[in-house]
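*Asks:* Sequence:
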Amino acid sequence: MTVEQQRRTLLRHGFVFLFIAPCFGLAIAVLPHPRAWLAAHLASFLTCFILTTVGLAWRELRLTDGQRRTTLITGFTAAYAGLVGNIFSAIVDLPGPASTPGVPAPMPQGAIFLALLVIIIPTTFISFGLMLFGMRGEAPEVRLKPDTTYDTAIKTA
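Residue numbers for the sequence shown follow this note's numbering, beginning at 4 and rising by one.
None of these hints come from the bench; they were simulated from the model. This structure is a prediction, so every number in the text was calculated from the model and none was measured. Quick reminder that beta carbons are idealized off the backbone N, C-alpha and C, glycines included. Incorrect hints may appear among the rest.
Simulated DEER-style distance windows between Cβ atoms [to be verified]: (1) 45 with 121: 20 to 26 angstroms; (2) 73 with 121: 15 to 21 angstroms; (3) 113 with 7: 41 to 47 angstroms; (4) 32 with 65: 44 to 50 angstroms; (5) 52 with 95: 25 to 31 angstroms.
Construct the complete structure from the given sequences, taking the supplied hints into account.
*Replies:* Right, dumping it as structure tokens:
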């Protein structure tokens, strides 16, 4: 997959989350446990902004192909595992440390959620760390050329 295809994939998935987030907004009004659906709604909007921002900065990164692939895989894993965690938490109404302090999570559901966190937390740190690492120094000279995708699209249309 080329850098441009990876960038468009990131932008596309960002807009998938932009579509999902208002759906969770409807869930706040319709489904039980509105507090948990509100958390899923806001987290989906934030994930949308993160994915699109990464997509917009993708060309500027100074990463090898393997590092780019790792960033892409861990970023998508964190995003979609977070989505699954939010949906699961809303369905079973898991108590949280901020929403219901002092209430322990029921063990079967709590164990499932902790397993999701074991996936979400490292993949988030890996993808954000590689993004930060890729933003070091100046952009490579190859990337300093003007963007001609618009001109190419006009010629082919």
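*Asks:* All the hints need checking, so say for each whether the structure fits it.
*Replies:* Structure-based check of all given hints:
1. Separation of residue 45 from residue 121 is about 23 angstroms and conforms to the stated range, judged on CB atoms against 20 to 26 angstroms.
2. Restraint check, residue 73 to residue 121: a C-beta distance of roughly 18 angstroms satisfies the suggested window 15 to 21 angstroms.
3. Evaluation of the 41 to 47 angstroms hint for residue 113 and residue 7 yields a pass: the beta carbon distance comes to about 43 angstroms.
4. Taken as a hint, the range 44 to 50 angstroms holds for the pair residue 32 and residue 65, whose Cβ atoms sit roughly 46 angstroms apart.
5. Against the hinted window of 25 to 31 angstroms, the Cβ-Cβ separation of residue 52 and residue 95 comes to about 27 angstroms, which satisfies the hint.
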